[in-house]
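*Asks:* Residue strings, one per chain:
There are 2 protein chains.
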Amino acid sequence: MAEQHTVSAFDDEINRLRGLVAEMGGRVELALDEAMQALVKQEPGLAERVIEGDLRVDALEAEVEKLVVQIIALRAPMANDLREVIAALKIVGVIERIGDYAKNIAKRSRQISGHRTIEPISLLPSMAQIAGEMVHDALDAFATRNAVLASAVIERDVLVDNFYNSIFRTLVTYMVENPKTISECAHLLFVAKNIERIGDHATNVAEMVYYAATGEYLPERDRAALAEG
Amino acid sequence: MAEQHTVSAFDDEINRLRGLVAEMGGRVELALDEAMQALVKQEPGLAERVIEGDLRVDALEAEVEKLVVQIIALRAPMANDLREVIAALKIVGVIERIGDYAKNIAKRSRQISGHRTIEPISLLPSMAQIAGEMVHDALDAFATRNAVLASAVIERDVLVDNFYNSIFRTLVTYMVENPKTISECAHLLFVAKNIERIGDHATNVAEMVYYAATGEYLPERDRAALAEG
Numbered sequence: 001m002a003e004q005h006t007v008s009a010f011d012d013e014i015n016r017l018r019g020l021v022a023e024m025g026g027r028v029e030l031a032l033d034e035a036m037q038a039l040v041k042q043e044p045g046l047a048e049r050v051i052e053g054d055l056r057v058d059a060l061e062a063e064v065e066k067l068v069v070q071i072i073a074l075r076a077p078m079a080n081d082l083r084e085v086i087a088a089l090k091i092v093g094v095i096e097r098i099g100d101y102a103k104n105i106a107k108r109s110r111q112i113s114g115h116r117t118i119e120p121i122s123l124l125p126s127m128a129q130i131a132g133e134m135v136h137d138a139l140d141a142f143a144t145r146n147a148v149l150a151s152a153v154i155e156r157d158v159l160v161d162n163f164y165n166s167i168f169r170t171l172v173t174y175m176v177e178n179p180k181t182i183s184e185c186a187h188l189l190f191v192a193k194n195i196e197r198i199g200d201h202a203t204n205v206a207e208m209v210y211y212a213a214t215g216e217y218l219p220e221r222d223r224a225a226l227a228e229g
Numbered sequence: 001m002a003e004q005h006t007v008s009a010f011d012d013e014i015n016r017l018r019g020l021v022a023e024m025g026g027r028v029e030l031a032l033d034e035a036m037q038a039l040v041k042q043e044p045g046l047a048e049r050v051i052e053g054d055l056r057v058d059a060l061e062a063e064v065e066k067l068v069v070q071i072i073a074l075r076a077p078m079a080n081d082l083r084e085v086i087a088a089l090k091i092v093g094v095i096e097r098i099g100d101y102a103k104n105i106a107k108r109s110r111q112i113s114g115h116r117t118i119e120p121i122s123l124l125p126s127m128a129q130i131a132g133e134m135v136h137d138a139l140d141a142f143a144t145r146n147a148v149l150a151s152a153v154i155e156r157d158v159l160v161d162n163f164y165n166s167i168f169r170t171l172v173t174y175m176v177e178n179p180k181t182i183s184e185c186a187h188l189l190f191v192a193k194n195i196e197r198i199g200d201h202a203t204n205v206a207e208m209v210y211y212a213a214t215g216e217y218l219p220e221r222d223r224a225a226l227a228e229g
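Chains as they are written, first to last, in full-length UniProt numbering: chain Y, 1 to 229; chain S, 1 to 229.
What the hints contain is simulated information worked out from the structure, not anything from laboratory work. Predicted model, so just to flag it, every value in this text is computed and none were measured. Hints may contain errors.
Identical copies go unnamed one by one, so any copy, or any two together, can satisfy a pair.
Below, a list of computed lysine to aspartate or glutamate pairs in the EDC-like style, where the Cα atoms sit at most 16 Å apart [what the hints assert, rightly or not]:
| hint | residue 1 | residue 2 |
| --- | --- | --- |
| 1 | K41 | E119 |
| 2 | K66 | E216 |
| 3 | K41 | E29 |
| 4 | K90 | E65 |
| 5 | K41 | D12 |
| 6 | K180 | E48 |
| 7 | K107 | E48 |
| 8 | K107 | D12 |
| 9 | K180 | D58 |
| 10 | K107 | D33 |
| 11 | K180 | D33 |
| 12 | K90 | D161 |
Just need the whole structure built from these sequences, with the hints factored in.
*Replies:* Below is the structure:
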């Protein structure tokens, strides 16, 4: 009976852990979406909401860390369970950074004036949508321990990278032709880079999910495409 | 006797963990230094070395992860020890990203041609030096559990941020006056941003060290200044 009790307390804690990870994920997805709206539609109120909402994301990360330490210390989970708990700890660190990128986009939306007339801005929302879907699917893969879904996320990162390269070239050309917009375009370059990094981080999460679900690392691929800054 | 044996095996593992963290730290410090030389002096051979060397940094991170899981699973460390082991796991994740930023600078050094004539590039090495020292001191603080040194690292981040803001303005002005250099200057903007992010990450490490050493979080400060992308 005592063991039964322990096992079920462990299950409760794991479920709480999964719930916190899912909540964080949902919040940063929404934050990215709202940050892009704030940028494209020039809605400062929305930007404020994203910036304030990030505090809750940070608090959730701290909550997950405490819970993970508690689970490890009190339950001493083994093998699969330990892998999942460690994966949750690492994944929330990545989600927190994705939230920071969304917040950064929201902040830039306030700094850029008159950018509505800069045509290349219209390319950014489609890029952000793919990156947002990658985040969503990576966390779905974590919640359902779905290694196949995780692999599919990783494959999609190339789309975001291609978008980024195309936007970089378009913006540089635009700056050359419209030197008065250089300062605004430089901010948009960083927005594009932030979205590209969100895709990289979603890929990192998917790799961790794959490992947590299978106990194996994905076949070595070109890590150069990943997490570069 | 058996317990003595266990305790000393635990100490051996903790020392090995600290050694791996220190090795990773030393490698990324060197990588940043060499990447900046590759950029400023146009030395493609040095850039190659940084890019290849990053594979070893990634391998060290994987080694630390395995060791941490092993320590937690076999030794079930408590309180202070558990905090240090978890901190090591999180810190190597951050060091790995600092290594990626250095690699990214090395890669950009190959993409930029003729940038030696772009005067604002001369501001970057001083900025990188401060960021590199922050990384060094943050890891020193971890090795010696020195909360005071960790606090000092955090305070220095404002210098890097000020450098970044100044370089951003200088580069944008330069682009407006020299439209032909816009593409090169855009790459230099990203290099400046990468260095600024290294400062942020050193700050994050210092915060983790402070927590691992004291069991307390630093007083709430403006997190907006941190980790933004």
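*Asks:* Work down the list of hints and note, for each, if the structure agrees.
*Replies:* Now for the hints, and whether the structure bears them out:
1. Taking the closest pair of Cα atoms, K41 and E119 come within 16 Å of each other only inside a single copy of the chain (13 Å); across copies the shortest separation is 37 Å, beyond that limit.
2. For a Cα distance limit of 16 Å, the shortest separation of K66 from E216 across copies, 12 Å, qualifies, whereas the shortest one inside one copy, 27 Å, does not.
3. Taking the shortest Cα distances, K41 and E29 never come within 16 Å of each other, neither inside one copy (18 Å) nor across copies (42 Å).
4. Taking identical chains as interchangeable, the C-alpha atoms of K90 and E65 lie at most 16 Å apart whether they share a chain (9 Å) or sit on different chains (11 Å).
5. For the identical chains of this complex, K41 and D12 are neighbours neither inside a copy (43 Å) nor across copies (58 Å), given an alpha-carbon limit of 16 Å.
6. Taking the closest pair of Cα atoms, K180 and E48 never come within 16 Å of each other, the shortest separation being 28 Å inside a single copy and 37 Å across copies.
7. With identical chains, the CA atoms of K107 and E48 are at most 16 Å apart within one copy only, with a shortest distance of 8 Å there and 36 Å across copies.
8. When the C-alpha separation of K107 and D12 is checked against a cutoff of 16 Å, the pair qualifies neither within a copy, at 38 Å, nor between copies, at 47 Å.
9. Taking CA atoms no more than 16 Å apart as the test, K180 paired with D58 passes in neither setting, with 38 Å inside one copy and 42 Å between copies.
10. For the identical chains of this complex, K107 and D33 are intra-copy neighbours only, at 14 Å inside a copy versus 31 Å across copies, given an alpha-carbon limit of 16 Å.
11. When the C-alpha separation of K180 and D33 is checked against a cutoff of 16 Å, the pair qualifies neither within a copy, at 29 Å, nor between copies, at 35 Å.
12. Taking the shortest Cα distances, K90 and D161 never come within 16 Å of each other, neither inside one copy (24 Å) nor across copies (27 Å).
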